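Peer 1: Quick note, the sequences are listed as chains Y, W and C, same order. Per our numbering: the first sequence = residues 1197 to 1460. Per our numbering: the second sequence = residues 956 to 1290. Per our numbering: the third sequence = residues 19 to 278.
Fair warning: there could be bad hints in the mix.
[Stated by the list, open to error] Cut-off 27 angstroms, straight-line C-alpha distance, at most; resulting in silico cross-link-like pairs (DSS-like, lysine-lysine):
1. Y:Lys1290 / Y:Lys1309
2. C:Lys119 / W:Lys1109
3. C:Lys103 / C:Lys119
4. W:Lys1242 / C:Lys103
Just so you know, these hints were derived from the structure itself, not from any lab. Computed from a predicted model, the values in this text were never measured in an experiment.
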Amino acid sequence: MIDVYRALFVGQIQAASQYRVQSVLWMLFSVIRPVIFLAAWVAVANAQGGRVASYDVRDFAAYYVALSLVSNLATSWNAYDFEFEVRMGRLSPKLLRPLHPIHYAVVENIVWKMTTIIPLLIVLGFVAVTFDARFRATPVHLVLFVPSVILGGSLAFLGGWVIATSAFWTTRVHAVSTLWDRAVFIFAGQIAPLALLPGALQTIALVLPFGYMLGVPAEILQGAVDVPTAMLLIAVQAIWVAIFYALLQVVWRVGVRQYTGVGA
Amino acid sequence: MGEPIIDVRDLRKTFRVTERQEGLAATLRSFVRRQRRDVNAVAGITFRIEAGEVVGFLGPNGAGKTTTLKVLSGLLYPTAGEAHVLGFVPWRRENAYLQQMTLLMGNRTQLVWDIPAADSFRVLQEIYGVPDESFRRTVGELTELLELQDLVHKPVRNLSLGERMKVEFAAGLIQSPRVAFLDEPTIGLDVSMQSRIRRFVAEYNRRTGATILLTSHYMDDVVALCRRVIVIHHGHLLYDGPLADLAERMAPYKIITATLRDGAAATIDLAAYGTVTGRDEGRVTLKVDRQGAPERAARLVNELGENLADISVEDPPIEEVIDRVFSEERVGTAT
Amino acid sequence: MRYLRLLALFFRTELQYELEYRTNLALEIVQIVVIITTSVGAVLILFNYTTVLNGWDLGAMLVLLGCFYLVQGFGELVLQPSFEKFMEHVRLGTLDFALLKPASAQFLVTLRNFQVVQLGQMGLGAVVAIVGLGRISTLGPGEAVAFAVALVCGFVLIYALLLALSTFAFWFVRIDNLMAIYWSFLDAGRFPVDIYPGWLRVTLSTAVPVGVAVTLPAQAISGRLDLFGLAVLVVGSIAAFILSSLFWRVGLRSYTGASA
């Protein structure tokens, strides 16, 4: 398995080097939206004498910088690719190979993240300075951030694949993934840090998986939650990852049967 | 004869191409200092075409055919020289000119993929400002000539390549142009569809008197449609005249086909009469010098006598002539 | 006049086509509704903590968000599909056909394709703006006219910007990335342009005037745009239109080899 991954990595790195400019550009776009909401919250905080609940202006800056970093590390675009492959009948050859297609996506994502991480850190550093971000994270937070962002990324990745497998049943994956994206928009901490979501929304957000993809790792990196809470959140993340892993297994098996059954 | 419909004088078109090596370093280097090279796509050609003619425009890939057609249709500015079509300077792209011409490209489509051609026709009618009355008449005629009845109401993507080309032709002729430039109109089509398109072009020319300049890789198109051909190569004009005379001018040899009686083929050596280019059972083809052809044929008849079953003297096939011109074997080397 | 008739014809053709795919149409509308309601939700969450945001109260913010979807909807209704098609034409060489028509090539290319369903986005944007307006209730005939003028100017600005950007296709052919930059910057228009820090505000109001295109109509309808501001907007939009058209012509000349 390690050899397989090594081979896949080499191939992907070569492919990625041809799209360097493109990947950096896409990375930059993904930073624009968090900055938009950061600016909005800064405006709100300023109207309220510099603070909204437990967040002051510099906390917001730290939160959205952390969120940008997590979004970049944790998000993947496989749903779109996968739908395209199913629609164009390009999946069949991949199914014939002795390797589950998900491994290609895993490697592709990791390589993409490796190629964009340095320019991303530069851009985020710039944003952090502009907005005067203040991180409250202790070294323990930083240590906890590592498993948290990996779990968040795995969760987002598995969730994306579950959505992507809907391509086995419908040609309208785009509509499905729009709904998914909007749920992420509301509940994952893009609109606001989870702590600032009003009453019912916050409860829903804590029950749904979305917040555990992006918001939770971001809050840990920012240092907004204390260490015991952080560990609890990480445990919940792990549970969600297990659930989605099992879900994907089932959905994938049924889906492939459906797909090959149609004779595509 | 009045004014020529197409009048081209010493037309030149030079492209400046940037040469760039692969790789990031080379890209950056070329960003600072570009490697440029001039390519003479059309290197000074002159010709005139009268009203109603169907002229074949021949040349290998890269000879400058498409560039010339693009200049004449107004898509490209020439580097030097003059051209008038219907009295207009094409590259000024005056509406009055565009209204009266069309350019059809066999490998490109102007039809919208997802909607039926009939809808595209309506849009073209509006763009060209064709009155309803004549629009209906034109579409009716084209539908009849090209047998489009069932095709125009299907989304274009559901049509076969040949069907699409027929519809493409109709779309290009909605405005009833007086001049039509056809660039490889039969490319990629099967033989029967090619001949359908050919028949259509001939019939259209006969009915409307439109002047047609066409390029094609298929000599059959040219033989069927054009009495006159213009041959260009490397941007230079090599020949302009009747198709019938092309062989005489461009190929200084003729082909003698002699069929020998059974058994004789093995014993008689025909190399003495000319260059043997083919041998199939008793049939032998010989390439002989054009001037000497009658004399060689006579000698063959005399000397072989009984052993000769049949003999013919012909111009080489037109493809071969063209091929020969383009491979630049110079005149006079054949025996 | 002739161009208006053509525009109507382009629109009708596209409408017919989209109506054939009802499920798609319905799903697209569902998506638009979901996207806009969640965006309104985002604004409501912000205003859960404040009553005013840089001088914009909730009503004014909803008007702004409505204007944002009006402008973005306009972009996706005709500009995005047309400009995408334009780039494809350059790539495939089918742009030639548009150049051979006895009509303005710029018109035939840049206003040619429609995504009729995006009218839904504009309609819903208008609803959001009207709801917001109901909370301010200062709409006199003067504001209505100023709003209409400013909105049209916003459309023109967006058009001019896209035209200028897409002109690069004549030289570089593949400019998808450039266009993508534009669409992500447009997203910033959902908030008043003055909440952004210096460098971003300058970018949004000059280089990529999406902020202006959205913010000024919203200010006009809520009576916060004076006549001078409106005049500047009108003059600026006309200038942007003329300049970008000239630039397009330069690109076209290079495409046809007039200046090579």
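Peer 1: Hints first: check each against the structure and report whether it holds.
Peer 2: Tested hints:
1. A C-alpha spacing of about 24 angstroms is found between Lys1290 of chain Y and Lys1309 of chain Y, which places the hinted pair at or below 27 angstroms, so the restraint holds.
2. Restraint check for Lys119 of chain C and Lys1109 of chain W: the C-alpha separation of about 25 angstroms stays at or below 27 angstroms, so the hint holds.
3. The straight-line distance between the Cα atoms of Lys103 of chain C and Lys119 of chain C is roughly 17 angstroms, inside the 27 angstroms bound, and the hint therefore holds.
4. Among the hinted pairs, Lys1242 of chain W with Lys103 of chain C is inconsistent with the structure: their alpha-carbon atoms are about 55 angstroms apart, more than 27 angstroms.
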